[in-house]
Each structure stands twice: as C-alpha cells, then as structure tokens.
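Trainee: The lines below spell out each chain.
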Amino acid sequence: MALYELLLQPFAEFAFMRRALVASLALAFGCGPVGVLLVLRRMSLVGDAMSHAILPGAAVGFLMAGLSLGWMSVGGLLAGLAVALGSGLLSRATVLPEDASFAAFYAVALAAGVLLVSWKGSNVDLMHVLFGSVLAVDDDALLLIAAVATLTLLLGAAIYRPLVTECFDPGFLRQVGGRGGFYHMAFMALVVLNLVAAFQALGTLMAVGLMMLPAVSARLWATRLWSLMALSVAFGIAAGYGGLVLSFHVDVPSGPAIVLAAGALYVSSLLLGREGLLRRHLARFRHLEA
Amino acid sequence: MPPALVLDNLTVAYDRHSAVHHLSGRFEPGSLTALVGPNGAGKSTLLKALTGELRAAEGRIDLGGLKPGDLAYLPQHSALDRTFPIDVLEMVLLGLWGRVGPFGRVTMAMREEGRRALSAVKLAGFERRSIASLSVGQLQRALFARVLLQDAPIILLDEPFNAIDARTTADLVQQIYRWHGERRTVVAALHDLGQVREHFPQTLLLARRCVDWGPTARVLTAENQFRARGMAENWAASAAICRSAVA
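Chain order of the listed sequences is A and Y. Each residue of the first sequence is one higher than the last, beginning at 1 in this note's numbering. Each residue of the second sequence is one higher than the last, beginning at 1001 in this note's numbering.
In case anyone wonders, no lab produced these hints; they're calculated from the structure. Treat the hints with caution; some may be incorrect.
Claimed, not checked - Residues of chain Y clear of chain A, computed beta-carbon distances all greater than 10 Å:
id, residue
1, Ala1004
2, Arg1016
3, Arg1026
4, Val1136
5, Ile1164
6, Ala1166
7, Arg1183
8, Val1219
Unchecked claim - Which residues of chain A face chain Y? A partial, calculated answer using Cβ under 7 Å:
id, residue
9, Arg161
10, Asp169
11, Gly171
12, Arg224
13, Leu225
Beta carbons are placed, not taken as given, at the ideal position from N, Cα and C, and that holds for glycine.
With the rest of the complex left out, here is chain Y (with noise of 0.2 Å):
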C-alpha cells in the first residue's frame, strides 16, 4: 500500500506568479484522482511539483518517505528524441531504472518482463521496432509500458489521452483501471469531463487555487467549473505580493 500523498499549503510559483496557490489535501493511498481545470490551472504545475522538478515556493509537499524518483511520472510532452536510434524493447527497458540504475545488469527475465508489458498495452511484435516509426498513439502505449516497468506506487500522468484516438484511449484506460486494481495511486491530469465522469471516482478541480476536491459527481458541478473559469483568467501582471496563510 502507497503512502497518501499530502499537500500542506502548498504553493509553486514562476516568476514570483503564483501557479498554485494555497492548496492543501491528501490523494489518499490507492485512489484514483482526475486532475481537472482550464488551461493555465496549474495542472501540470501540481504534477511537477510533486516529482520535485519544481520546488514549492511555500508550504510543502509530504511523499510519506518516497523520493521524488520512485514515483512514476508521464510528461505531457515527453522531452525524449523520436529520431533517436533506439527499438520499442529497449525504450520500454529503460523503465528498470530505478531497479538496475546505471550499470546494473538487465536480466533475461527483465527482457521477458518487459514484453509483457508491451504486450499489456497491446504493442506485442513491436519489441525491435524502432521508435521513429511509431505512431503518436503507439508511443504513448510505449510510455505507458515504460511506466508498467516502472513499478511505482505512485502514478502521475499528465494529460495522457492528448491527440490519442478513441481505441487507444480506452485500453489504456484500462490499464489504468488495472493499476487501481492494483492499489496504487493514480493522479491524472485530464480535460474530457466525460471520460473523467465515467473512470474516476475523485476529482480536484484546480484552477490556481483549490476549487473543490473529493468525489467526482460532487465536485464536476456546473457552479463549480463556472468558479473555476473565473479564478484561472484573473491573473494580473502587478499582483501584490500575497499575504495569506504565512501563519
């Protein structure tokens, strides 16, 4: 069982610009978390914060003694090479990072379990195929296989089913069903309500602060995403400097 991840007065900001702002919580252990909001909400900025490649610029985030690396995490925009001469197996390997690190060694059964996990996300007969000539939706099931291998139980995904078909989107949402099954926790920034309606039972609404954060049929009301439309554009070029909560 995961540790809950905590937020406490949470605060990450760019330019002094705060991009989330105040925000307090706990995804507990083994939910299933939608993480919703318009653009500019501070979704991805939450993300980031907790894989630690942002710092908090107040309050803090508690991983329950994990360390940033042993969480897994799928960037929104991946910042790999796509021309890079490297085949689906070996991208998928690299998932055993936290295992085998550097120089340790990639045994047989890690190859087979690699695989599998290309089989788990339906890419079984890629293995030596290389990634320059997967599509969009081939790659991102790559990812998620990456992720399979990773083996963490903590899971951050950042809007996964961008520009992916239908098809895909819904195996892979199994997948991430299969991950709840497994009790680990799953945070994943999202904009298709629908789909967020139908798969996940919580919900944080963000939009720079905390809109609302529990059940998803509470939370996705229309009163609230109106409030959260009007919280995201009020962002000011001159805004004072925040004096709330330095408690």
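Bound-form chain A, shown alone (with noise of 0.2 Å):
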C-alpha cells in the first residue's frame, strides 16, 4: 500500500502527473540518442551553448504572442538553427574554433533572452521561460514533444550510417564523397528541435540535462553504439520518472527534480560504472593472461 501510495498514486490520481510523465519519457527516446552523439563528437557543451542560443528566439515568440506555444517553440527554433548555422560558417571563415564561436553566441544569446523576456513580461514569465513548468505541459505541448522524439527516431534511423561514419571518420567520408557536411546539419537540426521540445518541460536552463546527463552517464557503462543509445533513453525515462516522483513527495520544483534525479544517476555511473572510478581502480589488482 505504502508503495502504491509512494510510486503509483501521483500518477493515477492527478492527470498533470499523468501529462508531465509522459512529456518526460517522450524527452527521453529523442534527447537519449541525440545526447550519445553529441558526447561522442565532443560536443557536449555545444548541446549547452545550443539550449540557451533558443532562448531569445523564444523571447521574441513571448513578446510577440506571451506565454503561446507555437510562437516560443517557432522563435526558438530558428534562433537555434541560425546558431547553428552560423557557428560552423564562422568557424570555416576565420581563424576561430566551433566552440569558441558557440560560446560568444550563447553568452549573447542568453543576456539578450533574459533582456527582451523582462522587457515585456514578469519575474514569473521569466522563470517560465528559464526553467519550465513540466507540471503546466498542455495537450498542444505534449505533441510538439512526441512529434519531435518520433521525428528524431525515425530521421536519426534513417541516417544513422551516415551520420555515424561522420561522427567516427570524417576524413575518410570526405574523401569517398560522403557528405558529411549535409549530414552534420541535419544532426544539429535535430539537437535544435530537440531542445526546443525540452524547453517545454524544463525551460531555457534545465534543457540541456535531459540531453546530457543520462548520454554521459550511458558512456560510463556501455561499449557499443547502441547499448549507449538504448541505456541512454532508459537513463533518462528513468530520471524523468524518479524527479517527477521526487518533486511531488517532497513538494520541490520538477525540473530541476528530474535534471537532479539524472545527476544522480550520473554520479552513481561515475562510482559504479563499467567504464567508472571503481572498476577502473579495482582492474589494477586483476587482468587477463592474455
């Protein structure tokens, strides 16, 4: 009873748990995949810099309309992809490294957010907008969300080689006449989208930890492309389930609930982990003979 109470009744009594749960999992097999590659490219902190160059896209959907979905969601994503896309152009044309071009960006992108939200709206609005309300995802959000990871699964099936031999070699797709290029854009296409559907549930800030952490977190334990994908989605349903279950007992925000549940697991795939600080240090005493 005791644990019906604890880990089912949320769900089944209350149908924003029921939505916020859903969104949640739906984040999950989109944002699991995506994050995999994004830590195998190094690119990590550019899925960051990514989640904060849509916010004032999103702002100028906010002045525009408010709080409208489809206003903040459109703003977002072409701001993400202009980002994007000039990123990797700057870096082409001068003397500047992708990551350094990200980073001006996102610090630009992210005061010129915050100015134009505050501009115009509340303290209220505000932290909407920098750390969502996953409890408040409506109908029209929860497609947006499902649609994206459904268009992310299929999308990233369908060039998964591609995208993966530009990941691992991408001097050697060049030179067969791959193009990497094409590939790369639509990859960062789908970490905009992405983004722009996690900025729903958890806001401008807090994106990017459904993206990263459980990726991270699957790197520490599998070995393969596609047990670090699959353990990636499972990290992150399970993040979204344990914060949602957190924040109602204990009554504390979701977002940074479920971004903190992720960490959680993050940090017990650092200690405990195939590839962790624990096995690493215990393989010492022991090897093979061969």
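Both chains are given apart, each in its own frame, so use the hints to dock them into the complex.
Mentor: Dropping the structure here:
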C-alpha cells in the first residue's frame, strides 16, 4: 500500500502528473540518442550553448504573443538553427574554432533573451522561460514533444550510417564522396528540435540536462553504440519518473528534480559504471593472461 | 586495368606559396611508385591533390574518367576517432561505402568479404574487438583491410609504415605487392629508401618540383638526393610571383 502511494498514486490520481510523465518519457526517447552522438563528437558543451541560444528566439515569440507554445517554439527553432549554422560558417571563415563561436553566441543569446522577456513580462514569466514547468504541459505541448521524439527516431534511423561515419572518421567520408556536412547539419537540426521540445517542459537552463546527463552516464557503462543509445534512453526515463515522484512527495520544483535525478544517475555511474572509477581502480589488481 | 594518372603542369599552393610546383608526368596503369623526398617536399600535398582534397592552383590532374572518390586513400594521420565505440569489422566494412553508399544494404556476403580482408592483413579473430583496444600497428592493418574492401583501381598511401614495426611492415608490403599483382596503380609516400629500393620499381623524387621520376635505380642517386635537399630548403617568405610556364 505504502509503495503504491509512493510510486503510483501521484500518477493515478492527477492528470497533470500523467501528462508530465508522458512528456518526460517522450523527451527521453528523443534526447537520449542525440545526447550520445553529442558526447561522442565531443560537443557536450555545444549542446549546452545551443540550449541557451534558443532563448532569444523564444523571447521574441513571447513578446509577440505572450506564453504561446507555437510562437515561442518557432522563435526558438529559428534562433537555434541560426546559431548552429552561424557558428559552423564562422568557424570555417575565421580562425575561431567552432566551440569558441558557440561560447560567444551563447553568452550574447542568454543576455538578450533575459532582457527581452523581462522587458515585457513578469518575473514569473522569466522563471517559466528559464526553468520551464513540466507540470503545466498542455495537450499541444505534449503533441509537439511527441512529434519531435518520433521525428528524431525516424530520421536518426534513416541517416544513421552517414551520421555515425561522419562522427567517427570525417576525413574518410569526405574522401569517398559522402556529404558529411549535410548530415552534420541534419543532426544539428535534430539537436535544436529536441532542445525546443525539452524547453517546453524544462526551460532553457534545464533542457540540456535531460539531453547530456543520461548520455554521459551511459558512456560509463556501455561500449557499443546501440547499447549506449538504449541505455541513455533508459536513464532518461528513469530520471523523468524519479524526478517527478520526488517533486510530488517532497514538494520541490519538478524540472530541477528531474535533472537532479539524472545527476544522481550520473554520480552512481561515475562510481559504479563499467568504465567508472571503482572498476578502473579494482581492475588494476586483476588482469587476463592475454 | 585502371587509367593512367596524368599530371599536367600541376601546382598546388598553401597561402600562394607553392608546395608542389609545375609537376608534369604520369603514373602508368598498374605501376607501383614510391613518392620520395625530404620533409616539406610536397608528398602529402600531391596525394591530397590527387584525392581532390586540395585544389590545383595551376595546371590539372587527369584521373582518366575516375572521380576522386573512386580512389582509395590512406592519409598519414587519419582523422578517425580512436575512442569511438565501433568494432574492427564495422570499421573495415566502411570500405564498402562506394558500393552501398549511405543507405544500401550490407549483405552477408559483404560481411564475409570483410572477414576475409581482415584475415588477409592477419587480423582474423579481431572482428568484434573495439578499435580502441588495437595497437598502432594493428590499427594500420585494419585500415589496410578497409582499403582492400574499397576495391579501388588506384590506391594512394601516405607514409603507411610510420611508427610501424618490421613484421607489420613486411606483411603490409606483401599486401601492396598483391595489389600490384592485380594490376592496380599504387602510389606510396615513403621515407625508408632501403625499402623503396627493395620493393618499389618506380620512384618519383620530389622537392616541391620534380627532381626525377622513373625507374628507382636511376632516380635514387646520391646526386639527385643532394639536389632534392637543396631545393626543399629554399622556401622564402617573400617569394616573388612565379611567372614560369604561363603558357
């Protein structure tokens, strides 16, 4: 009985909890594989920068139509794509490496976004944009999140081979005439889409947590690409569920609770994971004969 | 039989300073050529120009109707990520790209071909090992297996035996011989002149310009090598614009 109250009742009783759960599950399916590829491309921080880059776009949408899902999503999407394209082009045209361009864009974007929202909106609006409110996800937002997850899985499966090859050995792909740049941009578009989706639930500052933390944790366990992605999704689901249960019982904001749950998984993986600290330490004393 | 690779007054430049200067000649179909010269002589530059990665500043390259992607090219420093979670067989199967492209099916027969390529470079049994666990020599063997699977008429190798031990080198030289026997054109940039004398019938001695190009015994004379060293070293920051051969 107590277990039921602890683990299931919140979702059985309250529709907003069910909605929040479905939203986090869908986010886990989209963000998990995308996050893994970001980690493997050494672009973990780029994901972070991108999530802030969508803020000014969403803020412009907010200025035009208030807290409207459609306007803020379209605005965020356009801003995110512009930054992704712009940083790529700039790094090719100047001496700045891509991450430097991203860092520059991201500082400007965050400041501009906060300024824009504060200009016309209240502090509550600002908090909503920065941290989201997964408990307030409505049907439209849920549909958007589910659509993004679906598109990510389908498109990701379709361009899996060129995407992974571009990630693993870009020089080879270029030489055999595979259009690596095209697939890279398609992937960046998926990153932006997933961040816009996560933005609905977790806000611009937390969105990247559900993308990177499960992926980084999975890297400490799995050694195959498919298992990395599957585990990353599983960790995302666990974090979404655990965070929601925690926020319900302890009465803390749900977005940070979800990200903290993902953080707890990360710390455990760091200690216990197959590639983690403890195993590495123990492995010093035992080795195979050949 | 592959087409001949023809270089016609080829100049390739970085920042307008030429790295390969007015080079003309041809790699005959099925020839086995060593590309020799001091550091900075333009060996890698020439290979990159042949693969289409660098553009000619002047002159042209005639691939005889082939596209740059039809050539197999093993760069000196592969840009591949050695920590990537991919196993040896999957890596080798990338050599099928020309046949299956980004979306085509990899059949069981093709996987079998990949296994045979791994045995050919003496890596049988390594199929499921992750590439992170390979030594430098084993990785080079696996990259040769990938070239093998590319089944290209023309094969370009940039210092393939750098930091590779004698036994691995001997095995890989055998593979180069097999390619030569199959009438493929092979061009390899090399430093070890003993190796070149022993295994490579043709040599192109390069020092930004062509010093000599022909049968190895004729090219690798002490006098030619002395000239090559002198020519490679006179790089000038304030070089004048080249006006020769603007025909």
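Trainee: Say whether it holds or is violated: isoleucine 1164/Y keeps its Cβ farther than 10 Å from all Cβ of chain A.
Mentor: holds (19 Å)
Trainee: Beyond 10 Å from every Cβ of chain A: is that where the Cβ of alanine 1004/Y lies?
Mentor: At roughly 21 Å from the nearest Cβ of chain A, alanine 1004/Y sits farther out than 10 Å, so the non-interface label holds.
Trainee: Against chain Y, with CB atoms and a cut of 7 Å, does the hint on glycine 171/A hold up?
Mentor: Holds - the Cβ of glycine 171/A comes within 7 Å of chain Y, reaching about 4 Å at its closest.
Trainee: Please verify that the nearest CB of chain A lies beyond 10 Å from valine 1136/Y's CB.
Mentor: Holds, since 16 Å exceeds 10 Å.
Trainee: Over 10 Å to the closest beta carbon of chain A is the bar; see if arginine 1183/Y clears it.
Mentor: Non-interface label on arginine 1183/Y holds, nearest chain A Cβ at 22 Å vs cutoff 10 Å.
Trainee: So valine 1219/Y supposedly isn't at the interface. Is its beta-carbon more than 10 Å from every beta-carbon in chain A?
Mentor: holds (28 Å)
Trainee: Does the claim that arginine 1026/Y lies off the interface hold, with its Cβ farther than 10 Å from every Cβ of chain A?
Mentor: The claim stands: arginine 1026/Y keeps its Cβ more than 10 Å from every Cβ of chain A (closest is about 22 Å).
Trainee: Arginine 161/A was flagged as interface toward chain Y. Is the shortest Cβ-Cβ separation under 7 Å?
Mentor: With Cβ-Cβ at 6 Å, under 7 Å, it holds.
Trainee: Take a quick look at alanine 1166/Y and tell me if its Cβ sits farther than 10 Å from every Cβ on chain A, holds or violated.
Mentor: holds (22 Å)
Trainee: Given arginine 224/A as an interface hint, is its Cβ closer than 7 Å to any Cβ of chain Y?
Mentor: Arginine 224/A check passes; min Cβ-Cβ to chain Y is 6 Å, inside 7 Å.
Trainee: Closer than 7 Å between Cβ atoms is the bar; does aspartate 169/A clear it against chain Y? Give me holds or violated.
Mentor: Cβ of aspartate 169/A sits 4 Å from chain Y, so the hint holds.
Trainee: Quick check on leucine 225/A please, does its C-beta sit within 7 Å of some C-beta on chain Y?
Mentor: It holds, given that the least Cβ distance between leucine 225/A and chain Y is near 5 Å, below 7 Å.
In the structure shown, no violation is registered for any of the earlier numbered hints.
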